[in-house]
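Those protein sequence lines, which keep their order, are chains S and C.
Sequential numbering of the first sequence, starting at 1, is according to this note's numbering.
Sequential numbering of the second sequence, starting at 1, is according to this note's numbering.
Accuracy of the hints is not assured; some may be wrong.
Capping the alpha-carbon separation at 25 Å, the derived lysine-lysine pairs in DSS-like fashion look like this [as the list claims (entries may be wrong)]:
id	chain 1	residue 1	chain 2	residue 2
1	S	Lys307	C	Lys307
2	C	Lys169	C	Lys180
3	C	Lys288	S	Lys307
4	S	Lys169	S	Lys288
5	C	Lys3	S	Lys307
6	S	Lys3	S	Lys169
7	S	Lys130	S	Lys3
8	S	Lys94	S	Lys130
9	C	Lys169	C	Lys179
10	S	Lys310	C	Lys310
11	S	Lys310	C	Lys169
12	S	Lys310	C	Lys180
13	S	Lys94	S	Lys180
14	S	Lys288	C	Lys310
15	S	Lys179	S	Lys310
16	S	Lys179	S	Lys169
17	C	Lys179	C	Lys130
18	S	Lys288	C	Lys307
19	C	Lys169	C	Lys3
It is worth saying that the hints were derived from the structure and are not from the lab.
The lines below spell out each chain.
There are 2 protein chains.
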Amino acid sequence: MDKIALVGAGLIGQAWAIVFARAGYEVALFDPAPQALEPARAQIGARLADLVRFGLIDDAEAVLRRVSVTGALDEAVNGAVHVQENAPERVEVKREVYAELDRLVAPGTVLASSTSGIPASAFTDHLTGKQRCLVAHPINPPYLVPLVELCPAPWTEPAVVDRTYALMKSAGQSPIRVKKELKGFIANPMQGALIGAALKLVEDGYASAEDVDIAIRDGIGLRWSFMGPFETIDLNAPGGIADYLRRYGPLYAAIEQDQARPTGWADEALIGRVEAERREVLGEDELKARSEWRDRRLMALAAHKAKAAKDIGE
Amino acid sequence: MDKIALVGAGLIGQAWAIVFARAGYEVALFDPAPQALEPARAQIGARLADLVRFGLIDDAEAVLRRVSVTGALDEAVNGAVHVQENAPERVEVKREVYAELDRLVAPGTVLASSTSGIPASAFTDHLTGKQRCLVAHPINPPYLVPLVELCPAPWTEPAVVDRTYALMKSAGQSPIRVKKELKGFIANPMQGALIGAALKLVEDGYASAEDVDIAIRDGIGLRWSFMGPFETIDLNAPGGIADYLRRYGPLYAAIEQDQARPTGWADEALIGRVEAERREVLGEDELKARSEWRDRRLMALAAHKAKAAKDIGE
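Produce the complete structure using the sequences and hints provided.
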């Protein structure tokens, strides 16, 4: 199988190692901090054990055997068909990393960034091989949440996007094509719109933060775990999506007008209010345990979705 | 067990019959069209068979035995502790139905409307018993999606909201308290914000409608099936929700500014575009079969959530 190089052995690098090694790829995980390497491999082993427990993989040892760790970048990228970069989210750092990668890596190899916030054009414009660079943004953790947002710079070759798309598909991920650069790609603008509406509902005193959460997790969020918003509304009117928009568009337009003001993202009073409401539901000392609960629920959901896709179809 | 009266035997009335009869309540289902009654009961039977198949109930016959149908409103509401109205979504119709219900129904009985778009104040202001009226808005179908939005009119007695809350809880639903009247209650403003962002992403040429859907169903939508947006971000920064908002608020604010324009809800060119894209993914003649697929997936998800809540916790 082909070799994948991962640059940066933090949480995202570790998660990518699971994605690619699980799919059979040979994975070289590089980190400039040599003391980070063995702990990263141990963490990967622990996550693989979780995946076995939830029936998501069969043989953790075989997967882990395909992951090697190294403190030598040239060794990591040597022979790799794809380099996935997970360096710190600072543009100067990325510019340096890409300059080094572009020098070291064979011209046919794709350089993909896991960045969630920086467009590829901001850290690849100075490279000879800038046409083989793009963003491949995962949702954490990518071995449980398959979406990968592929976002090219203006100079990225279309074939590079196509190859990355095919690679991600072959690894069991769900790549999408972001057609041109924008802030936050595709998922975050939708998440931001929903969080913004949620914040306004609490700020205006219509509901508690907990009740807003219930409205999603026991209400409209259920369908979104197996259908997107367009498919959802396409099936919610007899004549499909156009019928739906003509029926309910006026209601949504009126709601939108009522909510038409910037969200108080930096409003400390609002932040304090939702913080206080959340701390009543979940103490600060419970955040860690609850995050582990979330990961177990995500694993159970991934196992459920795989089974439902097989039993009922996709 | 207490008796529940359902006014209107269409899809929503049938679904409420399943909710209450499943929980052990005696259900009287009224419809002014006598020819609608037996088919409604047959439909309920068919849905109950589906629920058995997915392990969501054990004994369909016992549930169905608790559902009686009648064309006589006085008989339906006689002795009921709660009346759930599912009349057509026209304010004049509701005003007439409520005048009749208020006259017929014992003073201690709650009158709740399933309306998705009309505030209770618009059809209860003329009633002697207006203080016992409120909206109890389900998401379709309520036997699979437990959210119920309780929204009082300004004159609704708080005890009426409390009793309806307790009733819905006892029936296995997830009630939330909408503290004052607003268009679309709590879930629809969030759904509208998300659909609006999705429409703008397609309109601006950033992604296809199908890729927008993938970004939700294989991405950020997964968590929303068991956690609301506030809990999600509370667990996505080491210091909880306040930490998250201070870290990522500026990014969301910038995205919001980029998207700050009214959504083209009535823009026929945009409607035609998403319609055309959807029809490439799913033909018009496949809408019905796909809706049946959605219902099966929702049932499988409900069974999964019940199991995960038991195995992993809530």
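Okay, the hints, checked on the actual structure:
1. Using a Cα cut-off of 25 Å, the hinted pair Lys307(S) and Lys307(C) holds, with the two alpha carbons roughly 14 Å apart.
2. Simply put, Lys169(C) and Lys180(C) have alpha-carbon atoms about 21 Å apart, close enough for the 25 Å limit, and the pair holds.
3. Taking the CA atoms of Lys288(C) and Lys307(S), the gap is near 23 Å; set against the 25 Å cutoff, the hint holds.
4. The suggested pairing of Lys169(S) with Lys288(S) is violated, with an alpha-carbon distance near 32 Å, which exceeds 25 Å.
5. Between Lys3(C) and Lys307(S) the CA atoms are separated by roughly 39 Å; this puts the pair beyond 25 Å, and the hint is violated.
6. About 16 Å separates the Cα atoms of Lys3(S) and Lys169(S), which keeps this hinted pair within 25 Å; it holds.
7. Distance hint between Lys130(S) and Lys3(S) is fulfilled; the C-alpha atoms sit about 21 Å from each other, no more than 25 Å.
8. In summary, the hint linking Lys94(S) to Lys130(S) is supported, as the alpha carbons are separated by about 13 Å, within the 25 Å threshold.
9. Restraint check for Lys169(C) and Lys179(C): the C-alpha separation of about 18 Å stays at or below 25 Å, so the hint holds.
10. At roughly 24 Å between alpha-carbon atoms, Lys310(S) and Lys310(C) fall within 25 Å of each other, so this suggested pair holds.
11. Under the criterion of a C-alpha separation no larger than 25 Å, the hint pairing Lys310(S) with Lys169(C) is inconsistent with the structure, at around 33 Å.
12. Distance hint between Lys310(S) and Lys180(C) is unfulfilled; the C-alpha atoms sit about 44 Å from each other, more than 25 Å.
13. At most 25 Å may separate the alpha-carbon atoms for a hinted pair to count; Lys94(S) and Lys180(S) meet this at roughly 20 Å.
14. Distance hint between Lys288(S) and Lys310(C) is fulfilled; the C-alpha atoms sit about 20 Å from each other, no more than 25 Å.
15. As the CA atoms of Lys179(S) and Lys310(S) are separated by approximately 31 Å, the hinted pair breaks the 25 Å bound.
16. For the given pair, Lys179(S) sits about 18 Å from Lys169(S) by alpha-carbon distance, which is consistent with the 25 Å threshold.
17. A hinted pair counts as satisfied when its Cα atoms are at most 25 Å apart, and Lys179(C) with Lys130(C) qualifies at roughly 17 Å.
18. Between Lys288(S) and Lys307(C), the direct Cα distance comes to roughly 23 Å. Compliance with the 25 Å bound is thereby established for this hinted pair.
19. Proximity of Lys169(C) to Lys3(C) is assessed by CA-CA distance (about 16 Å); at most 25 Å being required, the pair is judged to hold.
Going down the numbered hints, you'll see the structure goes against 4, 5, 11, 12 and 15, while the others check out.
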